[in-house]
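All chains, full assembly: derive it from the sequences and hints.
Protein chains in written order, with this note's numbering: chain H, 1 to 504; chain W, 1 to 306.
No wet-lab data here; the hints were simulated from the structure.
Yeah, the Cβ is synthetic: ideal placement off N, Cα and C, and Gly gets one too.
It is possible that some hints are incorrect.
[Said to hold, decoys possible] Taking lysine-lysine pairs in the DSSO-like style, the calculated list, with each CA pair at most 30 Å apart, reads:
| hint | chain 1 | residue 1 | chain 2 | residue 2 |
| --- | --- | --- | --- | --- |
| 1 | H | Lys71 | W | Lys302 |
| 2 | H | Lys128 | H | Lys117 |
| 3 | H | Lys344 | H | Lys309 |
| 4 | H | Lys3 | W | Lys176 |
| 5 | W | Lys176 | H | Lys117 |
| 6 | H | Lys64 | W | Lys176 |
| 7 | H | Lys344 | W | Lys176 |
| 8 | H | Lys137 | W | Lys176 |
| 9 | H | Lys71 | W | Lys109 |
| 10 | H | Lys137 | H | Lys275 |
| 11 | W | Lys109 | H | Lys218 |
[As the list claims (entries may be wrong)] Derived contacts from chain W toward chain H, CB cut-off under 7 Å, selection only:
| hint | residue |
| --- | --- |
| 12 | Ser129 |
| 13 | Ser163 |
| 14 | Ser213 |
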Amino acid sequence: MEKITQLEMVGISKSFHGIPANDDIHLTINSGEILGLLGENGAGKTTLMNILYGLYQPDSGQIKINGQRVKIRTPQESMAVGIGMVHQHFALIQPHSAVENIVLGYQHSPLFFPQKKIQDDVLAFSKKFNFDIDLSKQVWQLSAGEQQRVEILKALFNGADLLILDEPTSVLTPQETQELFVILNRMKQEGHLIILISHKLDEITELCDRVTVLQKGKIVGHADTKDVDKRALARMMIGRDVIFNIEREEIPRSEKVLSVNNLVVNGDKGIPMVKGITFDIHKNEIFGIAGVSGNGQRELVEAITGLRKSESGEVRITDTDITNQPPDKIYNEGISHVPEERIKFGIAPGLYLYENAILKQHRSDKFSSRLFLAYKGIKEHARGLVDAFQVATPSIFIQTKNLSGGNIQKLILGREIDGEPPVLVASHPTYGLDVGATEYLRKQLLQRRKEGGAILLVSEDLEEISELCDRIAVIFQGQFMGILEADDPNIKDIGLMMAGTLQL
Amino acid sequence: MEEIIISVAQRTLVAGTPLLLGTIGEILCERSGILNLGVEGVMSVGAVTAFIVTLATGNPWLGMMVAIMAGMLISIIHAFASITLQSNQVVSGLALTMIGLGVSGLLGKSYVGIPLPVKMNDWNVPLLSDIPYIGRIFFMQSPFFYMAIVLAVATWFVLTHTSLGIKIRSTGENPKATETQGINVSLVKYGCVIVGGGFSGMAGANLSISYSSSWIEGMTAGRGWIVIALTIFALWNPTRAVLGAFLFGGIFVLQYLLQPLGISPNLLGLLPYLATLLVLTAIGMRDSQKLAAPAWLGEPYKRGER
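What follows is the structure, given as structure tokens:
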């Protein structure tokens, strides 16, 4: 197969269940070029690239390489013409070694002893691009940045001329991001073609030569990044002028509500993920935990809410010790929880909306009379929540999984804060939601703070953290690198703290 | 005393062989992510077909080959249900067991009680069988024993040191990622379920034309279920399966050994299952992480889902 010097997508359309995800998309990329694909979540960027990678078939339109029309029906065919893709959620087999993962995708893997036979070739390749990975390590032992390099290596080793990267920096620290950019620039000089999918303006303008903006499945603009106005790009992407301007009024901190003292929690693999964390949260306060995911946030939250046993240390709400108490007891003591992965842990997707509206509260007198649930009260309550928290739904009698992510999250938040619990623990509450829902949820959190709630907010979104929080703790490998006041001048170094290079 | 020890050791290996064959098949199948609870039924089908063909042709090797093929064929039912139709694998596996037991009972109705004139004869390995003690225990065994050992090692080799093995393991761990690497996940699974069925069929043949040279309904006597337990006991590793299979074989022999001491045979029949429970509890209590089953074991996988 000849080297790709130019790739064109002509008039690509694709819809899912009648809803268009891509509508008449045209784009061109040439050798030695980095093209940015900018758009919000759900704009159709990933769908478009999955078509190029052979995972989806377009309903209409064609793909041309060097002017010739090509058919790409499977990932295999895509790899054969020289296209490689690094998915946002890595397509790596976690319990296998890095080299085994490369064997899996490599088309010319020898049948016998493939790991040993290709090891040297892979090593030579990784030296060339200055990748620093221990190939014999199992993937789960590697950091996110290293895993990503395994993915890139996998694609290059397979002879990819064109590399598609889907939100490559979403799991990286700022420092790892810079290292990635160095690698990508080197590949560009070697004549590779790179398509970068992102919704982050800064990285698009820093790295890309050209940018194409998608909105709701359509192309809404092209631009050369050297003479582009960031604000104009943002407007193109969102379709209206930006964005959040949430006012956080100053409220003095009052008495201590939740205190966590020297908490140690083990992760799923039996090794400590939270290594002695101490903090207090007060009434009228939002306490944020920033950090790249996988640094112990999940274990910390689960230990506080009773979903996971802690090894040592204690958790107290006002004066009650709730360390390692069962989750329902902790809930009744006044800690409610908006969990991460809302569909998996926040709702029972197959149950009706009104049933989900009382999860965890079904024992209360309001909703049950001895043996039976009091459906009248439950439905009233559900209708109340739907109205009060602007859940857009045709009725309360639909399966909750049919709601959009934003509406599910509004329902969960409503359920959790409706009873005005003293403490709310919220994990990634706006992750993956559209602008409108995000804005609404953030305002609700601030409202709760004003009413006297104490909120623990775990998020990867620095913008969210800095907008909402009174104090921000940065977590790295299970420890706090420091706790900052919202107006602390050190806040500009938060990226360094997230990467573990700066401790206050 | 010496005689007894040698005889017990020898019979332990005999009793462990069909367990080993079945377990290798199940390991292969589960490593690709498909739970196959049909082993008991497939074994039974293998046993009856091997018996019928051997009786008709006088050739036990032909009997074994047909049993393997029958095992592969009937396993396609489970493969189709669990891979193509993405149905619940527990249900379809149990269905396969019932179908297999039923079909073999039907086919074998007129063969019950007929003795087999020819059977798979034991094979003495030249030279090695002359070694004192060791020779009698290890090298004067049924061909099934040697084949089982070779197949166990071969399966281990394929799984760990070939690119095919990496594809199989990857399919069981993360079918989505495997598919994005251009591997036909369904094909891999079909292959593993069918070849695994062949192993079970062979285990059945072992019972009817070598272990005992007769057919009676229900002669698999729960060995298919022990295989499922052994797969977990071996932690999905074919070489560890060798150890496990002969350990359980020893428990079978123990039943006969303890019976003359006046212990009820019904109680002793409980031993293999009791041992399974104990082993699983022990592994589970020591470190549940050790029970690292293939991550997608038993999960239906739908292609191209958003």
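Checked hints:
As the CA atoms of Lys71 of chain H and Lys302 of chain W are separated by approximately 23 Å, the hinted pair is consistent with the 30 Å bound. Of the pairs offered as hints, the one joining Lys128 of chain H and Lys117 of chain H holds, with about 19 Å between alpha carbons and a cut-off of 30 Å not exceeded. A threshold of 30 Å between alpha carbons decides the hint, and for Lys344 of chain H with Lys309 of chain H the separation of about 20 Å falls inside it, so the pair holds. The straight-line distance between the Cα atoms of Lys3 of chain H and Lys176 of chain W is roughly 28 Å, inside the 30 Å bound, and the hint therefore holds.
Proposed proximity of Lys176 of chain W and Lys117 of chain H is supported: the alpha carbons are some 26 Å apart, at most 30 Å. Of the supplied pair hints, the one linking Lys64 of chain H and Lys176 of chain W holds, its CA atoms being roughly 27 Å apart against a limit of 30 Å. At roughly 19 Å between alpha-carbon atoms, Lys344 of chain H and Lys176 of chain W fall within 30 Å of each other, so this suggested pair holds. Proximity of Lys137 of chain H to Lys176 of chain W is assessed by CA-CA distance (about 22 Å); at most 30 Å being required, the pair is judged to hold.
For the proposed pair Lys71 of chain H and Lys109 of chain W, the alpha carbon gap of about 57 Å is over 30 Å, so the pair is violated. Pair hint Lys137 of chain H plus Lys275 of chain H holds up; C-alpha atoms about 24 Å apart against a cutoff of 30 Å. Taken as a hint, the Lys109 of chain W and Lys218 of chain H pair is broken in the structure, with Cα atoms around 69 Å apart against an allowance of 30 Å. Interface restraint check: Ser129 of chain W against chain H, minimum CB-CB distance 32 Å, threshold 7 Å, status violated.
At a threshold of 7 Å, the smallest CB-CB gap from Ser163 of chain W to chain H is about 4 Å, leaving the interface hint in force. Given hint, Ser213 of chain W at the interface with chain H, is violated; its Cβ is 39 Å from that chain's nearest Cβ, farther than 7 Å.
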